Amino acid sequence: LRLPPLPRCRGAMSEPLSDALIASVRDRSRITDLFPPGALHRLGREFVTTCPWHQDHHPSLTVSPARNFVFCFVCNRGEDPIGWLQDREGLSFRDAVTSLARRYAIPLPSDDPLVAARLQAEETERQRLLSWRAELQQRFHNTLLADLRRQGPAARYLQQRGLSHDTARAWGLGLHQGRLMLPIRDHHGRCCGFSGRLLQDPSDSASPKYKNSAADVLFQRNQLLFGLDKAAETIRQSGEALLVEGPLDVLQLHQAGFTNAVAVLGTHLSPQQRQRLQRAGAHRLLIAYDGDDAGRRATQSLIQELRPLAIADTLALAVVSLPPGQDPDTVIRQGGAAAFQPLLAAAAHWLGWEVERLLAPLTATENKTTGHNDPQRLQQIDQQARQLLAQLPAGGLRRWAERRIELELGAVPRAAVATAPRKPQLSDTVWNGPPTPSRRWFAERRALRLYLCCPDSRPLLDPLQFHDRNHQQALELLRELQRRLNAHQAELAARGTTPPADPEAAYRPDLLARMVLTLCPRLD
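So for the sequence shown, this note's numbering puts the first residue at 2; every next one is plus one.
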């Protein structure tokens, strides 16, 4: 079943998209084309449909062909065709631009014909593998269905694991050479590879419990999350993703009603996988790794990787603490959804979990009588506390951690204060609650609109620095135009050639706004 991997063309996919290509895609793509037939209902010059970003019982998403934009006034969120495709299909910006370019027959130029040929070869191989693995998945699934009908070893294994036949059918599980075949799909639901789990635990080390497809142009473990195609809708609606270690954990959780669960194929969450979750709409990540020492170490490692995002309020983190030696699968098999729900509700803030784990040698029941009397243990905890505090900038989180550590150690370990991950943004004062990227984006758009439409606000808005590069460039353009207009008006006044007063000026936009409206059709 293994296919020879195509040599990867290094560097080709990382070449930046040209401004001309992006502008052409934005100009020729139409937002209304990205909705299925019958989904849009005309309302005057625009259309409306239900919003996918909240529980929408009445159509509140406005689709504007004239502006080539969608906007929900409930969520206060909008997207152009590129952003809409990114959100709906979980694509990167590059993939969304490329997809729209192909849809509208916009050529994708390449300065190097050899690079273009290799990209085409890679795409051809990708399509061949997709077709072949879809066929394999159906073969494996048919074999499993036959085993279920005759109550064979796979049927007995599923019964032992508490997985129903309906779950096996819904997830397209299969059977091959004594292994339960778990299709690993991309966010589109296409089978990219397999993870095979032995039906009987191996008696020797030569037979691994899990065996994954070999890496190739289609199957890359660090870019795939098991179950994301089925969990995406729940994640979009709730803004919350539940991360576990194994595919069987995901099957058990979905069967029990926790349909926002996904799994890494191991314990490491790569940046690509994290971006997939965030593009699916995850603003909060619940980590529910196994309750053994390895699972706790993996949780600690993941928190260390994601700590900058958590401190910057880009991604909220919480830890679901499982009983020692158990995983989500065993918790639900032993006690059902009712046993897992309290653990989920009691998920600890990432910093609280870190601090309590650090202090466990002192606070654990078996250590309370001896922990504080062990100088070596106290010194070790003091050093670890310094390392943790050195990662925290000044603020509420650091003060809370210092107070909690002081309560056990009797003093706050001296540690440098980390640099804040970002400077305060405009969204900090405009919005209530933490400034998410979408909130910051809309706050900056509103500030630009205010700068353009309200001349009296310009002196107050001039010092701002925007987070979004396009917004910052737009603000700099407005500043430069205003500076030139001021200089021109001062020159006219010095010459004594100031134009006569316009009686209708009070009913028109000022000169800067009129100039920008004139330039808009020519701008990116």
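Since the hints were made in silico from the structure, they are not lab data. None of these values were measured; they are calculated from a predicted model. Don't be surprised by glycine CBs; every beta carbon is placed ideally from N, CA and C. Accuracy of the hints is not assured; some may be wrong.
[As the list claims (entries may be wrong)] Between beta-carbon pairs, the in silico distance windows are:
1. Ser93 / Pro464: 45 to 51 Å
2. Ala488 / Cys455: 18 to 24 Å
3. Gln152 / Arg378: 52 to 58 Å
4. Lys210 / Arg170: 35 to 41 Å
5. Gln152 / Phe74: 53 to 59 Å
6. Phe36 / Gln474: 45 to 51 Å
7. Arg484 / Glu306: 30 to 36 Å
8. Gln56 / Ser93: 26 to 32 Å
9. Ala40 / Gln276: 26 to 32 Å
10. Pro464 / Asn223: 39 to 45 Å
11. Gly267 / Arg27: 34 to 40 Å
What hints, given by number in increasing order, does this structure fail? Failing hints, ascending: 1, 4, 6 and 7.
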